[in-house]
Structure formats: structure tokens, C-alpha cells
Amino acid sequence: MFDAFRVIIARDLLLAMRRRSDVLTTLFFFVIVVSLFPLGIGPELDTLRLIAPGVFWVAALLASMLALEKLFFVDYQDGALEQMLLAPQPLSILVLGKVFAHWLVTGVPLVLLSPLLGLQYDLSGDTILTMMITLLLGTPALSLIGAIGAALTLGLRGGGVLVSLLVLPLYIPVLIFGAGAVEAEVSGLGGAGHLSMLGAILLLSILAAPLATAAALRISAE
Amino acid sequence: MLDVVNLQCTRGDRRLFSGIDFTVEEGELLHLYGHNGSGKTTLLRTLCGLVAPSQGEVRWKGEAIRNQRDEFAAELLYLGHKNGLKDDLTGIENLLVACRMAGLKTKQDQAWDVLERMGLRGHEDLPARVLSQGQQKRVALARLLLSQAPLWILDEPFVGLDVAAVALLENVIAGHVANGGLVVLTTHQEVALTSGKVKKLRLGWKEDGHV
Numbered sequence: 001m002f003d004a005f006r007v008i009i010a011r012d013l014l015l016a017m018r019r020r021s022d023v024l025t026t027l028f029f030f031v032i033v034v035s036l037f038p039l040g041i042g043p044e045l046d047t048l049r050l051i052a053p054g055v056f057w058v059a060a061l062l063a064s065m066l067a068l069e070k071l072f073f074v075d076y077q078d079g080a081l082e083q084m085l086l087a088p089q090p091l092s093i094l095v096l097g098k099v100f101a102h103w104l105v106t107g108v109p110l111v112l113l114s115p116l117l118g119l120q121y122d123l124s125g126d127t128i129l130t131m132m133i134t135l136l137l138g139t140p141a142l143s144l145i146g147a148i149g150a151a152l153t154l155g156l157r158g159g160g161v162l163v164s165l166l167v168l169p170l171y172i173p174v175l176i177f178g179a180g181a182v183e184a185e186v187s188g189l190g191g192a193g194h195l196s197m198l199g200a201i202l203l204l205s206i207l208a209a210p211l212a213t214a215a216a217l218r219i220s221a222e
Numbered sequence: 001m002l003d004v005v006n007l008q009c010t011r012g013d014r015r016l017f018s019g020i021d022f023t024v025e026e027g028e029l030l031h032l033y034g035h036n037g038s039g040k041t042t043l044l045r046t047l048c049g050l051v052a053p054s055q056g057e058v059r060w061k062g063e064a065i066r067n068q069r070d071e072f073a074a075e076l077l078y079l080g081h082k083n084g085l086k087d088d089l090t091g092i093e094n095l096l097v098a099c100r101m102a103g104l105k106t107k108q109d110q111a112w113d114v115l116e117r118m119g120l121r122g123h124e125d126l127p128a129r130v131l132s133q134g135q136q137k138r139v140a141l142a143r144l145l146l147s148q149a150p151l152w153i154l155d156e157p158f159v160g161l162d163v164a165a166v167a168l169l170e171n172v173i174a175g176h177v178a179n180g181g182l183v184v185l186t187t188h189q190e191v192a193l194t195s196g197k198v199k200k201l202r203l204g205w206k207e208d209g210h211v
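For the protein sequence lines, the chains are A and B, in the order given.
So the first sequence is numbered by my numbering: it starts at 1 and just counts up by one.
So the second sequence is numbered by my numbering: it starts at 1 and just counts up by one.
The set of hints was computed from the structure by calculation and includes no laboratory data.
Just so you know, even glycine gets a beta-carbon here, dropped at the ideal spot from N, CA and C.
It cannot be assumed that every hint is accurate.
Unchecked claim - Chain B stretches covered by chain A per the calculated footprint, using a threshold of three residues with CB under 8 Å from any CB of chain A:
1. 50-61
2. 87-97
3. 177-189
Claimed, not checked - Residues from chain A shown here face chain B by an in silico Cβ test under 7 Å; the list is partial:
4. V7
5. R11
6. A16
7. R18
8. R19
9. D22
10. V23
11. S35
12. D78
13. L86
14. A87
15. D122
16. A208
17. A212
18. A215
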């Protein structure tokens, strides 16, 4: 069972290596959106420090949305999805593998780049660390939740827009607790409670999202 | 082994086929034919379990396939219209990924041998996107040579192949049937087998030779 899990992760990582532009688009989108705010608002450090958590999290949400479209679409087009549906392993395991690989190439770079972008907002070391932890816990949850929407809209016309409408409302809890943890840390309240909630959301989505995605893929592929 | 009972499929409001009954046993080949749009591909996809029938059921070893999805999948090899190849992976990588996903422990050198037998010597490590249609089809069909699945479901396997490849594929299919395998395929050409039994099933309402 874990063979297929490993095979699909290795395959998707290899494909991402061969087609780096797709990966870089998401990353640059995140960098540009985050960098636009200091340019627009001007060098008022107090304001920037205040809005940083929200800006980072909204940018991460949108970047994650942007990457979703490609998650299953290419497999659907070239017939690889049919073979996944007919593999003798539970489809949800394969989905989990695909989403994990997807997160490694679209989510992890955001986490790693956030300290650099944090400097633009004059964030302290501790705040940046909290930000990284929230992104590390939150972005996989975003990928998992988004996968359900991507699977449901597979093969539909205008699927891209529909995905946003379906998925963005579901992202709201992650946004609230992600940005909230950083804000709580800055204000001195401590973000542990928010982080626990983010962790809980992540665990819940690891359990439930692959099953829902697998069911949606079976319907969409008919 | 493979039993189809009173199968009916609808697409939207349109009934594609209904009341289909047949059985395929070990060492038999079922040749599906019929005019374009008669539902051949849909029937094959229903046999695999990709499409849910609106009535009736498909049974494998006496048990409905929807109750034994993983067990059935382990004994099935389906090659559809789409090859399922990744454009950015080489022929070897594509073949290895496909086999390992199907639960086989295929080795690198086995894959090289098989692609050579499929007439792809020298093209094994080119990305699939630079291969011609026929070569891509050969890479996809190479899975047949490594498969241990008793049931093969093939949708138009001969399309896009040259004469030599058609002969090779016919041999492979005949060999599988002779070894007690089951094959269900659609094609517009005659299928000759040296041993085993060929069954035919015609879908659609039009007479042969009419447009």
C-alpha cells in the first residue's frame, strides 16, 4: 500500500523538477503579492507590523488556490487519473501522496521564503518564527482542503473560478487561526492556543480530505 | 469469471445500451464492435468500474466488482483511449511508474528489455512528448508484457500502430489467451487467434456497412 504512496510522490516530484516553471509561478506570486503592500502603504513600520500576519496569510491562501488548478487536471487529461482510479490500492492513499508532493513543491517554498519577506515588514525574530510555524501547519491543510474542490470541479468549464468559490470559504478557519496566532504572539498573549487549533485542523483534514477527494474524483472521472 | 448481467448505461437522457448479458471465461477473448457512438468505450469503462451502470451489474468470480474494488483492480489491466503517459517522463520512467502503481515489483532492466521488445530500442530514455503517436502507444502497450493480471480490457489497442506492431500485439494477446487469460477489446479489424475462443458482441442499432 505504501509502495504506491511512495511511487506517486516520487513521480510527482520528478515531474515538478522537469517542469520548474509551474512551481516557480506560485512562489513568485506569493513574493510579489506580499511585496506589493509595503510599496503601496509606504514605509510606516507600525502599520506594516500590524498588517503583516493578515497579508502573509491571504497571500498564502491565494497562492495555494492558484496552484490547485493543476493538481488533478493534467492527470485527468493524459489518462493517468484513470490508472490511479484502477490501481489496487485505496484511492485516498494515492490522493494523500499526490497532495503531499503538491505541498512539498508549492507550500514548503512559501514557508522557507517567509523570513526574508518578513524583513520588509520589520518583524522581529520571534514573530517570524511564529509565522513560519503557522505556515508550516496551515499550508498542508490548505492543500488538502483545496484538493476536494479541485477534484469536484475537474473537467468542468470555468473550473478555475468555481474552485475559488468552493474552496475559499473553507479556507477561512485556517486563515483566522493562522493570522491569529501571529497576532497573539505579537501582542504578548502567546499563540499556543491558535497553533493547537491549526494543528487540529491539519489532523482533521489529513483524515477526512483524502476520502472526500477520492469520492469526488470517482464522480468527476465518470 | 467475468459475468455481465442485464447491464444498462445512460448518458444524460440518452440510453447507450441496455440488457447486455455475456460471460467471458478463462482462455476467451471478447471482441466488441459496433458503429461510432454505440457505446463501446462506455461499456469497457463500465466493466472496469470507472462508470457506474444505471442498471445491472458486473461480476468478477461471482462477486459484484463494486464490492471488491481493490481485489478486482489487482487482477485487471485497462488501457483506454488515453495512454496515461506523462509527457515529461521518459518511456522507461512511464513504464516503471505504471507497473509499480499496479502493484508489480518491476525492475529497471526488465523494463528496458520490454521496451526493446516493443521496438523502442534507442528511444527508451526520451521524454514521451517527443515520441510519435505510435511510439507512445507502444510504450503504453509494453505494460501488457509485464502484467500478471488475468483480465485485460483494451480500448482500440491497434489504433496508430504500424503493421509490425499490430502483428506483435496480436501475438501478445494470443499468448495471453492461450495461457488462460481473459481479454475484452474493441477494434474495427478482425482478430485472429491461434488457440482459445473468440466471442463477438455487436453494440448499436445500425446494420454493418451503413453510415
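Right, here's what the structure says about each hint:
| no. | hint | verdict |
| --- | --- | --- |
| 1 | 50-61 | holds (count 3) |
| 2 | 87-97 | holds (count 5) |
| 3 | 177-189 | violated (count 0) |
| 4 | V7 | 5 Å, holds |
| 5 | R11 | 5 Å, holds |
| 6 | A16 | 9 Å, violated |
| 7 | R18 | 4 Å, holds |
| 8 | R19 | 6 Å, holds |
| 9 | D22 | 11 Å, violated |
| 10 | V23 | 13 Å, violated |
| 11 | S35 | 31 Å, violated |
| 12 | D78 | 6 Å, holds |
| 13 | L86 | 5 Å, holds |
| 14 | A87 | 5 Å, holds |
| 15 | D122 | 42 Å, violated |
| 16 | A208 | 20 Å, violated |
| 17 | A212 | 17 Å, violated |
| 18 | A215 | 12 Å, violated |
The structure shown violates the earlier hints numbered 3, 6, 9, 10, 11, 15, 16, 17 and 18.
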